[in-house]
Amino acid sequence: METVYQQSPLRSNLSVVWNELVKNIKFLLAYPVIIVFWAIFPIFWFIPFILQGQAFVGGLTSESFAQATGTSEFIPFIVIGAVLNSYVGTLLNGMGDNIRREALQGTLDYVLAAPCNKASVLIGKALSESLSSTIFAISQLAISTLLFGLGISLGVMLPVFFIIILLILGLYGLSLIFAALSLMYKQSHGFGQTVGYVFYVFSPVRYPIESLPFWAQIFGKLLPLTYAIIIVRSLMLLGADLSALYVEVLVLLIIDVVLILAGFYLFNWMEEKTKKSGTISHH
Amino acid sequence: MDNNNEDYRLREVKCPTGFNWSNLKAELRAVWAANIKDWKIEFAYPESFFRQLISPLVFLLPFLLYGLVLVGGRYSDDLAQLVGTGDIVTFIFTGYMLMGFIGTAVWAMGFSIRMERWFGTLEAIYVTPTSRLGQVLGMALHSTIHQSIGTLIQFIVIYLTFGLALKIEGILPALGIFALMMIALYGFGIVVSAVGLLLKEGWMVSDGLYSIMMILSPVAYPLTVLPTVAQQISTAFPTAPALIGMRSFLMEGYQPEVIINVFLHLIVLGAVWILFGILVFRLVDVYVRKRGMLKKF
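Just so you know, the sequences run in chain order H and E.
Sequence positions in the first sequence follow my numbering and run 1 to 283.
Sequence positions in the second sequence follow my numbering and run 1 to 297.
Treat the hints as calculated values from the structure; they're not laboratory data.
Incorrect hints may appear among the rest.
If you want the footprint, here are the derived chain H segments under chain E, 3+ residues with CB under 8 Å [said to hold, decoys possible]:
1) 44 to 54
2) 66 to 74
Where chain E lies over chain H, by a calculated footprint (3+ residues, C-beta under 8 Å) [to be verified]:
3) 24 to 38
4) 152 to 160
5) 193 to 201
Cβ coordinates follow ideal geometry from the N, Cα and C atoms, glycine included.
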């Protein structure tokens, strides 16, 4: 009598997610220099803004800055914006690059032909990207705290972590869209970089969103990073309570849902299209 | 002779060698050909071409907006005390205008070798009877022209949006300083491209060097806000004296007494970086070929 090994669908999917996560982490650990780079070098990108602040206002606080942002201390303002923005760099291109790497290494055919739910593969990839991004962000925050003497209360870290998860979910959605484009057009990296520019200018990473022209503010308010930065700064710098920021949290949630649904729909559609055209392994 | 003629196709081609005028002309033709090749590749990806054209503007805007929010206006008394001029928009613009050209040195030149390796054309380029450095300089020429167009777009947008208080009569001597800075930066870029031949993850070296030079150059702040050690290190790079010199010519109120020092400083740096770059490139070139590392990535 033939014995058929059967596993519950949930367990199978979890196993796929776990193995995809482990595979990507192993890949990252094979390049320790990359880990050191992303853990330290993004700090160098915002140091010029801190030095600029010192030269322009002759100290570490600015009254004009306080009027525009609610806090006179520009260093924590810059650090929080930069650390959250680092998620954009790694997550936005991470999934597309990951898919493209599979194509370059010749393993994409096997991954997509495997008898498992593709969503599990994508979730595994997304989890590995967010895990590495969070490790890098914690490292940057810790180094910045030591370098610039930031006072961070541990009490706010739980709601901050919750907001970071919401930010990651929104970026997953966008990342899925880029992964779908990567399947079809192969070079999604350029598109991801262009969208990265949009985040860089229209989100309140270095300045409050109110300092932008009205049309640019509308554009900025469609981005998940905008709400994440506003909420985290309110929690960490202004001592606000999460319940007082429910409108921003709700908008962030809505953006997340829209982006994730659009991402999964687009990925499934593009996968079918590339399978039919036989261009999956092209690169 | 007809180009399709068999005799023409099978003719003996003599490659000029040694340090003479015909060899120099041949090398310049190779530099030009490498430049044209890069433009053709660039035009094959129009989306990437346009994105790179606007990137100088995209990276400048946060510095400007952040500065305006910090000061609460366009003029900073603290900056005026440090450098003699308080116009933050013109100060940041003149600084950031040059930063893109550092990118030319560390990214375009440093990364050019890596790109050829990815495309699988590095070995083919290596066996052509031209100087390897000529290839790198050709890529640098393409990148310099590209960056100049991006800087022009940056200038037009900032001028129309914020207005710039630049001294027109200072443009010509400022361009002289710019040319001296570019010579030194090319030397620096040659060193980076040699590192790109050696290392698998050369992009990290390029990015790291760019970030460090950004901090050590007085782009958005005067050097006086840096620690003394950092100020001393910054004198080894051409951007610090070039920015001080160019601002002296272009901005009202900037200290002009430093100009002679700036010219001498840049001439010395140019000579040192070019010689050092050529030396490092030659050594690395011999090393990677002996080890058969050209195709590794």
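Tell me, which hint numbers fail for this structure? Hint 4 alone not satisfied by this model.
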